[in-house]
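Peer 1: Below, each chain spelled out in residue letters.
Number of protein chains: 4
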Amino acid sequence: MNEPTTIIALLYGPDQPGLVSRVSGWIYAQGSSIVHADQHEDPEAKIFFQRIEWSPSGKIQEEAASFEEFATVDLKMTARVALSSDRPKVALFVSKIDHCFHDTILRFRAGEMSGELACIVSNHKELAQEAERYGIKFYHVPISDSAEFEAEQLRIIQKHNVKLIVLARYMQILSSNFLDAVDCPVINIHHSFLPAFAGGKPYHQAHCRGVKLIGATAHYATADLDEGPIIHQDVTRINHRNVIPDLIRKGRDLEKSVFAQAIRLHLDNRILVYNNKTVVFD
Amino acid sequence: MNEPTTIIALLYGPDQPGLVSRVSGWIYAQGSSIVHADQHEDPEAKIFFQRIEWSPSGKIQEEAASFEEFATVDLKMTARVALSSDRPKVALFVSKIDHCFHDTILRFRAGEMSGELACIVSNHKELAQEAERYGIKFYHVPISDSAEFEAEQLRIIQKHNVKLIVLARYMQILSSNFLDAVDCPVINIHHSFLPAFAGGKPYHQAHCRGVKLIGATAHYATADLDEGPIIHQDVTRINHRNVIPDLIRKGRDLEKSVFAQAIRLHLDNRILVYNNKTVVFD
Amino acid sequence: MNEPTTIIALLYGPDQPGLVSRVSGWIYAQGSSIVHADQHEDPEAKIFFQRIEWSPSGKIQEEAASFEEFATVDLKMTARVALSSDRPKVALFVSKIDHCFHDTILRFRAGEMSGELACIVSNHKELAQEAERYGIKFYHVPISDSAEFEAEQLRIIQKHNVKLIVLARYMQILSSNFLDAVDCPVINIHHSFLPAFAGGKPYHQAHCRGVKLIGATAHYATADLDEGPIIHQDVTRINHRNVIPDLIRKGRDLEKSVFAQAIRLHLDNRILVYNNKTVVFD
Amino acid sequence: MNEPTTIIALLYGPDQPGLVSRVSGWIYAQGSSIVHADQHEDPEAKIFFQRIEWSPSGKIQEEAASFEEFATVDLKMTARVALSSDRPKVALFVSKIDHCFHDTILRFRAGEMSGELACIVSNHKELAQEAERYGIKFYHVPISDSAEFEAEQLRIIQKHNVKLIVLARYMQILSSNFLDAVDCPVINIHHSFLPAFAGGKPYHQAHCRGVKLIGATAHYATADLDEGPIIHQDVTRINHRNVIPDLIRKGRDLEKSVFAQAIRLHLDNRILVYNNKTVVFD
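Chains as they are written, first to last, in the working numbering: chain B, 1 to 282; chain A, 1 to 282; chain S, 1 to 282; chain L, 1 to 282.
Mixed in with the good hints there might be a few duds.
[Stated by the list, open to error] Below, in silico cross-link-like pairs of lysine to any residue (SDA-like), each with a Cα-Cα straight-line distance of 20 angstroms or less:
hint, chain 1, residue 1, chain 2, residue 2
1, B, Lys46, S, Asp246
2, L, Lys137, L, Glu150
3, A, Lys250, S, Val280
4, B, Lys250, L, Ala110
Calculated directly from the structure, the hints in this document are not laboratory data.
Kindly produce the complete structure, drawing on both the sequences and the hints.
Peer 2: So, in structure tokens, the structure goes:
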């Protein structure tokens with residue numbers, strides 16, 4: 001579609017009087033026009049959060065930069081400012097399991113995602129040919145000495161100017177050093193309803209405990225495995241007739257859907273993180 | 001709880017530049033502080049909708065009245081202004097089926113609803129004793145000549161200064177004249193996923209068609225039966241083993257939950273109606 | 001309704017050739033007629049499970065007793081045989097929180113449950129008057145020396161010939177000794193999606209972790225708190241605007257619905273327990 | 001996996017005494033062993049339905065054929081007998097919209113479906129190259145004189161010995177003549193919660209009516225458009241911020257999931273059709 005480009009700002013910081021008025025007043029003063037605005041105050045932490053989207057009146061890059069200065073300097077808020085036309089580069093990490101791999105690529109191709117799938121990184125070769133069929137650059141980085149392994153991944157990330165890494169059932173743990181070095185958010189999909197069944201083989205754990213629902217959780221990866229801020233979760237019903245392969249099959253649909261929604265929310269600039277939790281403006 | 005009273009305004013009208021800024025600027029100028037604000041623009045109809053809630057700095061009644069004047073005269077918006085401490089009177093209409101009757105009363109007693117259940121009106125006597133047990137005034141208005149029947153109901157509504165009527169599986173159709181005369185919103189619960197299975201015996205219709213989900217719909221009653229603006233809907237899964245009594249039993253839970261959520265959203269001043277649709281700020 | 005009484009048998013034991021044939025052949029040989037039959041084999045444990053319901057041709061009590069002997073002696077299965085007209089006595093344990101209390105009582109009154117609510121036991125007096133209004137015997141058993149406290153509860157259970165205890169947000173832990181002594185199943189409702197957030201204050205735990213769904217779990221109580229076999233679970237979506245009182249309010253609806261379904265499934269003789277898991281024939 | 005092959009029988013017909021016993025007795029007499037069995041009796045229509053799956057003791061083809069004769073001649077039931085190793089040929093019809101196309105193909109490749117995707121038929125050329133990439137034979141049958149158009153499709157179906165046609169958002173109506181001629185089931189996915197919003201542009205209809213949930217329905221195609229027996233349905237929540245492109249995007253996920261489940265249930269021999277409804281043994 002030919003929708004006009006808008007500016008999107010995500011702001012947060014200590015609450016102070018008149019924030020909504022000052023932000024909207026600034027926009028009005030440019031002769032610009034607010035399309036959406038949503039604010040939230042955490043009543044315990046006394047933190048103010050806002051997502052605001054507007055059609056600029058003048059030169060869009062200048063107005064975005066100017067707003068960022070206003071928000072950080074004058075309002076003393078933490079601000080992230082983006083254009084609706086931005087298409088940040090995304091790297092997809094995968095091992096051998098391919099359902100999230102195909103699903104994510106097809107959604108980028110279908111235009112569901114406000115980003116560009118720049119490259120695929122894998123510790124296995126199995127999906128190289130599939131990636132090629134889709135016309136996406138594939139890097140095989142086999143497991144080796146850990147430092148070299150991560151250094152190689154880092155070179156790829158930097159070469160492609162990647163702004164988001166998504167782990168599509170990637171079976172390696174990213175070290176704290178690596179997460180610091182890449183300096184961009186990393187979204188992981190875990191195949192359980194966290195915090196239940198963290199760690200390995202969650203469908204086996206679920207089967208063993210006899211739960212009646214299985215889940216999937218998309219979260220930002222942090223140095224604490226499966227402990228990062230949760231972005232999105234969903235569940236589906238199982239019954240006593242379902243054996244573990246049934247859980248795995250049902251879980252694939254959950255994982256694809258939960259993973260895709262988390263990526264989309266992130267690329268649409270709808271997520272703020274604080275206190276290891278997320279505010280999702282949906 | 002002892003939360004401080006806030007002012008809640010629901011506004012809508014043709015979009016115009018600077019609305020968010022002017023509304024938030026007005027509140028800031030009073031020295032008041034916005035707690036929540038949510039706005040929506042219908043991109044087709046070019047109508048602006050806003051729900052805004054703030055802690056007043058001065059005398060609450062005066063500030064609310066003053067804002068209403070500002071919104072209607074200066075901004076030329078349609079405005080509804082309420083206090084979070086308001087407890088408008090609610091009349092519950094019921095026939096013999098009692099699950100929504102009990103559920104609604106218990107929710108009012110549990111403090112889930114920002115309103116006061118003022119009276120119960122029924123065309124049958126069956127629930128008189130139950131109403132008495134709950135300590136709520138019960139009016140038996142038997143079906144009679146239609147004009148007299150509605151006139152009697154109208155006298156009760158007016159006597160109790162009712163601001164909302166809720167139809168808890170009330171099996172009589174309210175005439176267009178009556179709806180005009182009561183001059184307050186009426187929320188009905190229909191036991192299907194409208195527009196599927198409008199009219200009578202929806203569970204029988206659903207069983208006959210062989211659908212795999214049954215639903216319930218809460219909507220504002222209008223002169224067109226089952227055609228009013230939809231507030232809330234939900235569904236539940238059924239299977240081939242379920243006979244009609246199973247559908248009725250499963251449906252009761254749906255009806256209670258959907259009806260309650262619609263009443264609560266209305267009493268929390270979260271619903272705007274336009275073009276026979278609702279905007280629900282949840 | 002006037003449905004004819006049926007016999008319901010729940011069987012389980014090591015799998016062996018011809019079980020379905022021998023069971024259905026026995027019934028056919030009586031001239032009786034199977035209404036429903038569902039069987040399940042655990043492919044790992046090699047255990048056979050069956051729920052079978054039939055219309056007897058002759059004297060129902062004799063046929064039920066005769067079948068039980070056939071199943072246990074000839075087939076060497078563990079068997080539970082009941083009549084669809086049975087209405088086992090149920091004791092409801094409650095403390096002060098009353099939403100599951102009201103909901104459960106109203107469902108018994110509405111005929112949703114194949115049982116009889118015989119008495120209410122509470123460690124508080126608060127709900128005595130409400131119980132009386134419903135016409136149900138209420139026992140106040142205040143916390144005291146633990147042995148005496150449980151002995152008093154046990155006397156009540158035995159006096160009423162109770163066959164099922166349901167814990168409607170009962171805030172005391174039942175000891176292993178008590179569970180042995182009552183010798184009947186006990187169903188508990190826990191306000192989280194177990195195994196996540198076991199223990200106290202699960203809604204606070206959920207809020208703190210930042211999950212996007214909250215849940216409720218009905219399970220059989222065992223000596224290991226929150227570790228018993230899970231009967232039913234469900235979840236509902238929450239968002240960043242929801243504070244703990246919202247979680248509690250939304251959770252009430254979940255708890256009522258999950259608790260009620262577990263009780264109904266149990267009373268309809270649809271649950272078999274093995275390996276700390278349930279087989280639910282729904 | 002290396003699971004042993006089983007025989008699956010779907011039976012239905014007028015209820016008669018001893019059916020379960022006679023069927024299970026027959027299997028026991030062969031020395032074979034029942035793995036699953038599920039039966040259902042429609043209490044209104046007095047029709048008996050059964051799905052039964054067993055491990056044969058002897059030669060599997062002979063035992064299957066022998067059972068079919070027993071079921072039809074001796075029991076006078078309508079019977080469909082299959083082997084769990086059967087992989088019937090499936091034809092996928094598609095136009096230009098490609099989400100169900102990709103999703104269905106990937107599921108066949110992932111081994112989720114007990115069938116073989118034999119060919120793709122389209123009235124457009126757009127997906128020819130994609131089909132080739134997947135290595136599946138693609139037929140472009142452009143719209144022409146209606147008789148010739150359907151004759152050409154029929155030749156393809158017959159050439160590939162197709163046993164199931166699936167319409168993955170195929171935008172042409174199949175004539176009654178064509179449905180008779182192909183003589184195999186046809187599964188369609190409709191993008192609404194039928195019977196609501198039958199016909200064209202259901203997401204536009206849903207948006208216009210202001211419903212709070214959108215749905216998808218998989219059904220067997222019949223000569224009456226959108227009126228065939230429903231196999232599976234699901235819904236997802238929408239809100240006032242969602243414009244029609246949002247409904248279309250959310251709907252794609254629903255359509256893929258509902259369509260895939262219907263195809264899988266059919267290929268697993270879990271569906272019986274009668275009175276324009278389905279019995280789904282899941």
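Peer 1: Determine for every hint whether it applies to the structure shown.
Peer 2: Each hint tested on the structure:
1. For the given pair, Lys46/B sits about 18 angstroms from Asp246/S by alpha-carbon distance, which is consistent with the 20 angstroms threshold.
2. Taking the CA atoms of Lys137/L and Glu150/L, the gap is near 18 angstroms; set against the 20 angstroms cutoff, the hint holds.
3. For a cut-off of 20 angstroms, the pair hint linking Lys250/A to Val280/S stands: about 18 angstroms separates their Cα positions.
4. Note on Lys250/B and Ala110/L: the hinted pairing holds, with a Cα-Cα distance of about 13 angstroms set against a maximum of 20 angstroms.
Violated hints are absent here; each numbered hint is respected by the structure.
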